[in-house]
Amino acid sequence: MKVWRFAVVLAVVGMTAACAPQTKYAWGNYESSLYEYYKTPGDTTAFAQHLADTISKAEASGKKVPPGIYAEYGQVLLESGDSKQAAVFFEKEKTAWPESTVFMTTMIRVASSTKEPKQ
Amino acid sequence: MSAANYLLKLALAVTSVVAMAACAPVPPHNDYTAFRHADPHSILVVPVVNRSVDVDAPEYFLSTISRPLAERGYYVFPVNLTKRVMEDDGLGDADLVHANDPTVLGKMFGADSIMYITINRWDAKYAVLATSVTVDLSYALKSGTTGETLWTHRQTMVYSPQAANAGNPLATLIVAAITAAIAKAKPNYVPLAQQANAISVNQTGQGLPAGPYDGKYKSDGAAF
Numbered sequence: 006m007k008v009w010r011f012a013v014v015l016a017v018v019g020m021t022a023a024c025a026p027q028t029k030y031a032w033g034n035y036e037s038s039l040y041e042y043y044k045t046p047g048d049t050t051a052f053a054q055h056l057a058d059t060i061s062k063a064e065a066s067g068k069k070v071p072p073g074i075y076a077e078y079g080q081v082l083l084e085s086g087d088s089k090q091a092a093v094f095f096e097k098e099k100t101a102w103p104e105s106t107v108f109m110t111t112m113i114r115v116a117s118s119t120k121e122p123k124q
Numbered sequence: 101m102s103a104a105n106y107l108l109k110l111a112l113a114v115t116s117v118v119a120m121a122a123c124a125p126v127p128p129h130n131d132y133t134a135f136r137h138a139d140p141h142s143i144l145v146v147p148v149v150n151r152s153v154d155v156d157a158p159e160y161f162l163s164t165i166s167r168p169l170a171e172r173g174y175y176v177f178p179v180n181l182t183k184r185v186m187e188d189d190g191l192g193d194a195d196l197v198h199a200n201d202p203t204v205l206g207k208m209f210g211a212d213s214i215m216y217i218t219i220n221r222w223d224a225k226y227a228v229l230a231t232s233v234t235v236d237l238s239y240a241l242k243s244g245t246t247g248e249t250l251w252t253h254r255q256t257m258v259y260s261p262q263a264a265n266a267g268n269p270l271a272t273l274i275v276a277a278i279t280a281a282i283a284k285a286k287p288n289y290v291p292l293a294q295q296a297n298a299i300s301v302n303q304t305g306q307g308l309p310a311g312p313y314d315g316k317y318k319s320d321g322a323a324f
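Which chain is which? The protein sequence lines are A and B, in order.
Each residue of the first sequence is one higher than the one before, starting from 6 at the first, in the numbering used here.
Each residue of the second sequence is one higher than the one before, starting from 101 at the first, in the numbering used here.
Hints were generated in silico from the structure; no laboratory data involved.
One or more hints might be untrue.
One-sided and incomplete, this derived list gives chain B residues near chain A with beta-carbon spacing under 10 Å [unchecked claim]:
#1 141
#2 144
#3 163
#4 170
#5 171
#6 175
#7 176
#8 178
#9 208
#10 313
25 Å max Cα-Cα, derived DSS-like pairs, lysine-lysine [claimed, not checked]:
#11 A:69 / B:316
#12 A:89 / A:62
#13 A:89 / A:69
#14 A:97 / B:207
#15 A:29 / A:97
#16 A:44 / B:225
#17 A:99 / A:29
#18 A:68 / A:99
#19 A:29 / A:68
#20 A:69 / A:99
#21 A:29 / A:62
#22 A:69 / B:318
#23 B:286 / A:44
#24 A:62 / A:97
#25 B:318 / A:29
#26 A:89 / A:99
#27 B:316 / A:29
#28 B:318 / A:68
#29 B:316 / A:68
#30 A:99 / B:207
#31 A:29 / A:69
#32 A:62 / A:99
#33 B:286 / B:225
#34 A:69 / A:97
#35 A:97 / A:68
Built from N, CA and C at the ideal position, the CB exists for glycine as well.
I would like the entire structure built from these sequences, with the hints used as guidance.
Shown next as structure tokens:
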């Protein structure tokens, strides 16, 4: 009886696995950290840390960093006053994803015209 | 357990597997003429319109949408950065943004297509015997260059612990996540939203054709 039940479980897992192939990108905890960020607005430090982790883990894994992640990190850097580093990450997004060129060009301009750090 | 009892259980399991198989082909087939012609490479997700009673729903939802679209093979603009920039530019009002010309946004962001999502329902009905959680979403993808509608879909997911407890391990997992949350008074809608997105984006004949970063790009004409 147990063996049968195990077989059924395996079949179900197998079928769902067939529907969900390997992911293209290393998402890390991007989704849950964005959710937490919206749940606890203002906790930019935690969000920034999670984004940095996601990026470094993805880069180490050999899988591509998902679209948008470099730019999301650039945004929190810009918000925390580090406009120089922000521009670096907007540039990374642009290099990784040519589709982002128009938007990232704007963001790089915004970051480089933000001379004085907030606060 | 008698043999009959066991057979019944097996039959139930098989039925639920069939019911859960999201990849099973669905007879009605969307018209993809406009979509194929526009051939979008990038998707900009704009602020989500909220018709539900939960004020937090649009932000929470936003955390679930990038991944399925990107994994389908599209460049997805950073949702949080997009949201911030639009708020700074006076475009934070989702209803206004949805009513406006998509080509303006297309130009502003350099986006091939704009995804407009409306949350119709995001709620829980509490009852002693039949608590249920519902997520109901409408999606519309419009061209960033012509403004033409390229794809629309509506997906409703209802979870109720009584109905879902039919011995399906995958369903049980989702159930566990949601029930745990219900116990804490506020249900976790995210697993339901993720399911809704996955079905909407991937379903054969109904979802989005594979994008440029997917191996099946332009070779899935039979299915989409």
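Going down the list of hints, with the structure as the test:
A hinted interface residue such as residue 141 of chain B counts as satisfied when its beta carbon comes closer than 10 Å to some beta carbon of chain A; here the least separation is about 6 Å, so the hint holds. Residue-level restraint check for residue 144 of chain B holds (minimum Cβ-Cβ distance to chain A is 9 Å; threshold 10 Å). Residue-level restraint check for residue 163 of chain B holds (minimum Cβ-Cβ distance to chain A is 4 Å; threshold 10 Å). The beta carbon of residue 170 of chain B is positioned within 10 Å of a beta carbon in chain A (closest approach about 5 Å), and the interface hint is therefore held.
The closest approach between the C-beta of residue 171 of chain B and any C-beta of chain A is roughly 6 Å, which is under the 10 Å cut-off, so the hint is satisfied. Proximity of residue 175 of chain B to chain A holds as hinted, the smallest CB-CB distance being about 4 Å (cut-off 10 Å). Interface restraint check for residue 176 of chain B: the shortest CB-CB distance to chain A comes to about 5 Å, inside 10 Å, so the restraint holds. At its closest, the beta carbon of residue 178 of chain B sits 3 Å from a beta carbon of chain A; the interface hint therefore holds under the 10 Å criterion.
For residue 208 of chain B, the interface hint holds, since its Cβ comes within 10 Å of a Cβ in chain A; the closest pair sits about 8 Å apart. Annotation: residue 313 of chain B was flagged as interfacial toward chain A, and the flag holds, the nearest CB pair being 7 Å apart, inside 10 Å. Distance hint between residue 69 of chain A and residue 316 of chain B is fulfilled; the C-alpha atoms sit about 18 Å from each other, no more than 25 Å. For the hint pairing residue 89 of chain A with residue 62 of chain A, the CA-to-CA distance comes to about 23 Å; that is within 25 Å, so the pair holds.
Simply put, residue 89 of chain A and residue 69 of chain A have alpha-carbon atoms about 24 Å apart, close enough for the 25 Å limit, and the pair holds. Distance hint between residue 97 of chain A and residue 207 of chain B is fulfilled; the C-alpha atoms sit about 22 Å from each other, no more than 25 Å. Between residue 29 of chain A and residue 97 of chain A, the direct Cα distance comes to roughly 19 Å. Compliance with the 25 Å bound is thereby established for this hinted pair. A hinted pair counts as satisfied when its Cα atoms are at most 25 Å apart, and residue 44 of chain A with residue 225 of chain B qualifies at roughly 22 Å.
Of the pairs offered as hints, the one joining residue 99 of chain A and residue 29 of chain A holds, with about 19 Å between alpha carbons and a cut-off of 25 Å not exceeded. Between residue 68 of chain A and residue 99 of chain A the alpha-carbon distance is near 18 Å, which keeps this suggested pair within the 25 Å criterion. Restraint check: the Cα-Cα separation between residue 29 of chain A and residue 68 of chain A comes to about 7 Å, which is no more than 25 Å; the hinted pair holds. Of the pairs offered as hints, the one joining residue 69 of chain A and residue 99 of chain A holds, with about 14 Å between alpha carbons and a cut-off of 25 Å not exceeded.
With a C-alpha separation of about 14 Å, the suggested pair residue 29 of chain A and residue 62 of chain A falls inside the 25 Å cut-off, and the hint holds. Of the pairs offered as hints, the one joining residue 69 of chain A and residue 318 of chain B holds, with about 22 Å between alpha carbons and a cut-off of 25 Å not exceeded. For the proposed pair residue 286 of chain B and residue 44 of chain A, the alpha carbon gap of about 13 Å is at most 25 Å, so the pair holds. In summary, the hint linking residue 62 of chain A to residue 97 of chain A is supported, as the alpha carbons are separated by about 16 Å, within the 25 Å threshold.
At most 25 Å may separate the alpha-carbon atoms for a hinted pair to count; residue 318 of chain B and residue 29 of chain A meet this at roughly 18 Å. Restraint check for residue 89 of chain A and residue 99 of chain A: satisfied, since their Cα atoms lie roughly 16 Å apart, inside the 25 Å limit. Taken as a hint, the residue 316 of chain B and residue 29 of chain A pair is honoured in the structure, with Cα atoms around 13 Å apart against an allowance of 25 Å. Between residue 318 of chain B and residue 68 of chain A the alpha-carbon distance is near 23 Å, which keeps this suggested pair within the 25 Å criterion.
Under the criterion of a C-alpha separation no larger than 25 Å, the hint pairing residue 316 of chain B with residue 68 of chain A is consistent with the structure, at around 19 Å. Between residue 99 of chain A and residue 207 of chain B, the direct Cα distance comes to roughly 17 Å. Compliance with the 25 Å bound is thereby established for this hinted pair. For the suggested pair residue 29 of chain A and residue 69 of chain A, the alpha carbons sit about 7 Å apart, so the restraint of at most 25 Å is met. Note on residue 62 of chain A and residue 99 of chain A: the hinted pairing holds, with a Cα-Cα distance of about 20 Å set against a maximum of 25 Å.
The straight-line distance between the Cα atoms of residue 286 of chain B and residue 225 of chain B is roughly 11 Å, inside the 25 Å bound, and the hint therefore holds. Between residue 69 of chain A and residue 97 of chain A the CA atoms are separated by roughly 12 Å; this keeps the pair inside 25 Å, and the hint holds. For the suggested pair residue 97 of chain A and residue 68 of chain A, the alpha carbons sit about 16 Å apart, so the restraint of at most 25 Å is met.
In this structure, every one of the numbered hints holds.
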